Amino acid sequence: DGVLPPGTMSYLMISAVISSSLAYFLTLFIGKRAARYVSRVDYGKLVLSIIVFIVIMVILFNGATGLLILAVGTAIGLLPIRLGVRRSHLMGVIMLPVLLYIW
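Numbered per our numbering, the sequence shown spans residues 311 to 413.
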């Protein structure tokens, strides 16, 4: 029938309340420590390591084609900053062909 028995639904609700309460307090606990640690991280090194990681993953999973798409996507993403226009215009330019393709 697809309907859960009342006992099962109660267990699910109790589990949700317990897990969300635990997650709330864990977030507060971990967040305070993470805030202290994040302020000490060198932002430049972090950004560079993330870029290197993304490039390596693209090469591993997609090869040269993926690397070309990554480069073109990066160039397109940097265009609004260089031209001084809002990024929302870029999203419109990207979304229109996608919507036409889907429709």
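Treat the hints as calculated values from the structure; they're not laboratory data.
This one's a predicted model, so the numbers in the text were calculated from it and none came from an experiment.
Mixed in with the good hints there might be a few duds.
To be verified - Label-pair distances were calculated between CB atoms; the ranges are:
1. Leu388 - Thr318: 50 to 58 Å
2. Arg392 - Ser325: 47 to 55 Å
3. Gly341 - Pro315: 16 to 24 Å
We treat Cβ as the ideally placed atom computed from N, Cα and C, and that holds for glycine.
Hints and how they fare:
1. Leu388 - Thr318: 50 to 58 Å: holds (52 Å)
2. Arg392 - Ser325: 47 to 55 Å: The hinted range 47 to 55 Å holds for arginine 392 and serine 325, with Cβ atoms some 51 Å apart.
3. Gly341 - Pro315: 16 to 24 Å: Once the Cβ atoms are compared, 38 Å apart, the range 16 to 24 Å for proline 315 and glycine 341 is violated.
The structure does not agree with numbered hint 3 stated previously, though it agrees with all others.
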